[in-house]
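A.B. asks: So the sequence lines, in the order shown, correspond to chains X and V.
Residue 84 in my numbering sits at position 84 of the first sequence; the count goes up by one each step and never skips.
Residue 278 in my numbering sits at position 278 of the second sequence; the count goes up by one each step and never skips.
Among these hints, one or two may not hold up.
[What the hints assert, rightly or not] Across the chosen pairs, the derived CB separations fall in these ranges:
#, chain 1, residue 1, chain 2, residue 2, range
1, X, Ala22, V, Ser281, 17 to 25 Å
2, X, Ala43, V, Pro332, 19 to 27 Å
3, X, Ala43, V, Leu269, 56 to 64 Å
4, V, Met383, X, Leu20, 24 to 32 Å
5, V, Ala227, X, Ala43, 44 to 52 Å
6, V, Ala224, X, Ala43, 17 to 25 Å
7, V, Asp55, X, Gly85, 56 to 64 Å
8, X, Ala43, V, Glu203, 48 to 56 Å
9, V, Glu148, X, Val31, 36 to 44 Å
10, X, Val31, V, Leu5, 17 to 25 Å
11, X, Gly85, V, Ala224, 17 to 25 Å
12, X, Pro15, V, Asp273, 25 to 33 Å
13, X, Pro15, V, Arg243, 58 to 66 Å
To be clear, the hints were calculated from the coordinates, so they are not data collected in a lab.
Glycine included, every Cβ here is placed at the ideal spot set by N, Cα and C.
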Amino acid sequence: MRTEHEGPSRPGSDPAAARLRALVIGTLALVVLASAAFAHGAARRARASRAQPARAALVRATGLPDLALSSTARWLRHPSQSERGAATQDLPGALDTDPAGALLGPPFPPEGE
Amino acid sequence: MRRGLALLVYALGSLRRRARRSVALALGLALATGLYASAVFLADALRAEYRANLDAAPDLTVQRLVAGRPALVPEDALTDLEALPGVRSVRPRLWGYLFVEAIEANVVVAAVEAGPELAPALATGEPLGPADALGDERPALVGPVLAERLALFPGDGLAIPDARGELVLLRVRGVFDPATALQAADLVLVHEATARRLLGVPEGEVTDLAIALAAPEEAPVVSAAVAERLPMSRVVDRVALERAYELTFDGRAGLVAALLLPMLAALLLMAWDRFSGLGESERREIGVLKAIGWGTGDVLLARLVEALVVTAGGVSLGLLAAYGYAFLLGAPGMSGALFGWSTLYPEPELAPATSLAQLFSLAGLVVGPLVAVALVPAWRASMLDPDEVIRGG
Numbered sequence: 001m002r003t004e005h006e007g008p009s010r011p012g013s014d015p016a017a018a019r020l021r022a023l024v025i026g027t028l029a030l031v032v033l034a035s036a037a038f039a040h041g042a043a044r045r046a047r048a049s050r051a052q053p054a055r056a057a058l059v060r061a062t063g064l065p066d067l068a069l070s071s072t073a074r075w076l077r078h079p080s081q082s083e084r085g086a087a088t089q090d091l092p093g094a095l096d097t098d099p100a101g102a103l104l105g106p107p108f109p110p111e112g113e
Numbered sequence: 001m002r003r004g005l006a007l008l009v010y011a012l013g014s015l016r017r018r019a020r021r022s023v024a025l026a027l028g029l030a031l032a033t034g035l036y037a038s039a040v041f042l043a044d045a046l047r048a049e050y051r052a053n054l055d056a057a058p059d060l061t062v063q064r065l066v067a068g069r070p071a072l073v074p075e076d077a078l079t080d081l082e083a084l085p086g087v088r089s090v091r092p093r094l095w096g097y098l099f100v101e102a103i104e105a106n107v108v109v110a111a112v113e114a115g116p117e118l119a120p121a122l123a124t125g126e127p128l129g130p131a132d133a134l135g136d137e138r139p140a141l142v143g144p145v146l147a148e149r150l151a152l153f154p155g156d157g158l159a160i161p162d163a164r165g166e167l168v169l170l171r172v173r174g175v176f177d178p179a180t181a182l183q184a185a186d187l188v189l190v191h192e193a194t195a196r197r198l199l200g201v202p203e204g205e206v207t208d209l210a211i212a213l214a215a216p217e218e219a220p221v222v223s224a225a226v227a228e229r230l231p232m233s234r235v236v237d238r239v240a241l242e243r244a245y246e247l248t249f250d251g252r253a254g255l256v257a258a259l260l261l262p263m264l265a266a267l268l269l270m271a272w273d274r275f276s277g278l279g280e281s282e283r284r285e286i287g288v289l290k291a292i293g294w295g296t297g298d299v300l301l302a303r304l305v306e307a308l309v310v311t312a313g314g315v316s317l318g319l320l321a322a323y324g325y326a327f328l329l330g331a332p333g334m335s336g337a338l339f340g341w342s343t344l345y346p347e348p349e350l351a352p353a354t355s356l357a358q359l360f361s362l363a364g365l366v367v368g369p370l371v372a373v374a375l376v377p378a379w380r381a382s383m384l385d386p387d388e389v390i391r392g393g
């Protein structure tokens, strides 16, 4: 069975220090990337909250809170407004025909209590 | 401190000696965690988008069902409902879908008032203005994705076939801000008369009724009263809708995540195999360490560090890659599959909504078991007689 062994260390180089340095550099790189992701996320959220009044004005004007994620079928475009079984109305019991149905199915009955 | 440092150096050296296996394992973990986390990130961001706008939705929406399908509601039902106790106002709504052959897409046509309340949502142009002051002109406000697709700007004419197939000339008065694309991508807002013409809805009938309540907590009582007054109605309650969204997203995002589970399971199995089985050389290494005076605790600690560096490194890389994939690149591939055959994609700029606690629990679910499983064989090997282990007994 072959095992990999470290070769003899070069004069002047300390393998222990090199390993620790690699760990510190790797950890620092992860921390920097994570901080960048957090900063980016915070900026996105700030932009979203600045746009919120405009979005709410649109929802108030139309009364339709659904997101325009998929415009093909009405049960995907406006799941809140579609009646139960809208996705399978022509073929009861059928699977959704649109892959978006994997994310946004006809919602659970939203009718009152 | 020195002892800890020495253990760390030893563990890193051990990882380096098995560099290819360690890197493959870390990358595999990164891929599996990353794919799973992307689905979670997207679902959380979309759920937050829905939640943000639910407050602006009507307390109750009353529709009419005929033969199991939505039907137009007679406008005079409005006076019946206005008289119900707890109802503050009832607004007739006129909206629907129109298939535009030129772009092979459905657009959502809705009638709105002329009011200036929509001005902040517009990127260019101005609100519709009062219907009676415009003569024969049919002004329209269009969504950003539709405007981009048809290269529309304020002042442009848009000839659109109505429900009967006759062309209706709309005058674009404003284009919605791309920041509202998730709400308005495919929207055409027009005056009531234009909406009736486009959708083919006769006078005296509307799509549905939106009810504002004096106290939203009375929704179940008013819903029951509405159902009694209008026997063929379906009442959508905003509070119940909120619950329905939670369930829909939890269930459906769970389904997407479940599709990735076999991959995650395979990776975890591979990692389990890597950590739980000790090769001959690793057993001998532990024997040598014991022979030169290492205690069981030292061996376990070195093994713990080794497992932690690989799994935590892999999982952190995976989470970071998932963030970049979902929020910087817009989840190409996954979003297309999730959002369906849509022709007017909004390309939303989603804001991350996953909490730190969720991130830590996701990472903990992968790192915890793998680190735990790495300790058992190391503990067993370190309990053996060093002489026996070194001689390969």
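A.B. asks: Next step is simple, just say for each hint if it's right about the structure.
C.D. replies: Verification of the supplied hints:
{"no.": "1", "hint": "X:Ala22 with V:Ser281: 17 to 25 Å", "result": "holds (22 Å)"}
{"no.": "2", "hint": "X:Ala43 with V:Pro332: 19 to 27 Å", "result": "holds (21 Å)"}
{"no.": "3", "hint": "X:Ala43 with V:Leu269: 56 to 64 Å", "result": "violated (39 Å)"}
{"no.": "4", "hint": "V:Met383 with X:Leu20: 24 to 32 Å", "result": "holds (30 Å)"}
{"no.": "5", "hint": "V:Ala227 with X:Ala43: 44 to 52 Å", "result": "holds (47 Å)"}
{"no.": "6", "hint": "V:Ala224 with X:Ala43: 17 to 25 Å", "result": "violated (46 Å)"}
{"no.": "7", "hint": "V:Asp55 with X:Gly85: 56 to 64 Å", "result": "violated (28 Å)"}
{"no.": "8", "hint": "X:Ala43 with V:Glu203: 48 to 56 Å", "result": "holds (49 Å)"}
{"no.": "9", "hint": "V:Glu148 with X:Val31: 36 to 44 Å", "result": "holds (39 Å)"}
{"no.": "10", "hint": "X:Val31 with V:Leu5: 17 to 25 Å", "result": "holds (20 Å)"}
{"no.": "11", "hint": "X:Gly85 with V:Ala224: 17 to 25 Å", "result": "holds (22 Å)"}
{"no.": "12", "hint": "X:Pro15 with V:Asp273: 25 to 33 Å", "result": "holds (29 Å)"}
{"no.": "13", "hint": "X:Pro15 with V:Arg243: 58 to 66 Å", "result": "holds (59 Å)"}
Hint compliance for this structure: hints 3, 6, 7 are broken, all remaining hints hold.
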